Amino acid sequence: MNQFFAKRQKASVQHAHQPSGMATGTFALAAVATAGIGGAWVLQQVHVPAPWLVGPLVVAMLWRSFGPATPGVPQWLQRAASALLGANLAENVTPQVLQTLQEALGGALSTVLVLLAASVGTGLLFARLARMDPITGVLSFLPGAASAVVALSRDLRADPRLVSTLQYLRLTIVVLAAPFAASLLASAGLSPDLDGSLPAPDPALSIMGRDTGPEGLLSHALTWGSVLLGLWVGRTLVLPAATLLVPMTLLVTAGALGYPGATISPWFITAAFVVVGMWAGLQFDRPAIVRAGKAALWAVPLVFALILVSGLSALLLSQVSGIPLVTTFLATAPGGLEAMVATSLDLGADAALVLSIQLLRFLVVLVTAPFVAHRLSGASRDRQA
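Its first residue numbered 315, the sequence shown is counted upward by one per residue in our numbering.
Treat the hints with care, since some could be wrong.
Label pairs and their calculated CB-CB ranges [stated by the list, open to error]: (1) F341 to L626: 29 to 39 Å; (2) P409 to G339: 31 to 41 Å; (3) V634 to F494: 24 to 34 Å; (4) A495 to V634: 13 to 23 Å; (5) R471 to A619: 23 to 33 Å.
Simulated from the structure, these hints should not be mistaken for laboratory data.
Since this is a predicted model, take the numbers as computed values, not measurements.
Quick reminder that beta carbons are idealized off the backbone N, C-alpha and C, glycines included.
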């Protein structure tokens, strides 16, 4: 009898402390988010790539290593961020992009597949050199779609700590090196005399996105319906990356059929980046930071090798298609879509073609990443057997 009352008293004490623990975790998560947003703003002022993801990632990593409590990002919040990112990615696939891709589809697809194969090979070599699992190695080197690949890493059973660190290391190197190399090509007389301007995007006039009158109701219903469907599929079906890929695929298909979705407000997309950054950063601990630092020593030369491969494919595409080398170089650079488009505008290259090929590679990476990871996982199990 005394044991019974002792167990009841212990259970009541644990239950009494549970809300306090939940409150501490919620407070810690809010503190990480606030500090991460502040860090992102600072990084944005100094033009660091993807500041709204990198800032929260770094802050969360430091909090996990030195903070008083380790919060966790709720799964529903992670799924919401992935679905919003998927819908946002679809916005970039405009009729102009599709038309430009159609005109140069053969050469563009060939260069994308060459770079994808080189990235997978580089990732496998990196995994062997750095002694990590092949899925993490390959995801760390997939070109472009860095934020999406980080968001997918958990579903694909990779190490999100290493994937996030190495993806943004790759992105930083590409963003710094590729525009510099393109400027050298332009100064050598290889810059075309083209008007590379792109049409300015319509501003988001409301917190929900662009307001287009009565037709906007259909666009908003399509966009947010796709987001909700992605959330449902991601929760109920065991499909890798479904939360991100479902809304993206639906909205790209609808746009190609003449039913474009609504523009999601930048507030939502920024919040999604913050969530993904916090989630990735909170996976770190001190041993993981040390391991990532050692892995980076192998990653840096391999990233430059990947840039060299993209440069050779750009040279081949230029020779075959007659497109100026500056344009093909920026179009095939392994990542940094926004920076490549901005550089093409500055140098007078064909920005529409740069954007189109970059987006094609972006979409191919997102669609093929789950299949590549599944294949590598199966091969790993076969070797262990």
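Results for each hint:
A hinted range of 29 to 39 Å is violated for the C-beta pair F341 and L626, which are about 52 Å apart. As the Cβ distance of P409 to G339 is approximately 46 Å, the hint placing it in 31 to 41 Å is violated. The hinted window of 24 to 34 Å between V634 and F494 holds, with their beta carbons roughly 26 Å apart. Taking 13 to 23 Å as the suggested C-beta distance range, the pair A495 and V634 conforms, at roughly 21 Å.
Judged by the Cβ atoms, the range 23 to 33 Å given for R471 and A619 holds: they are separated by roughly 26 Å.
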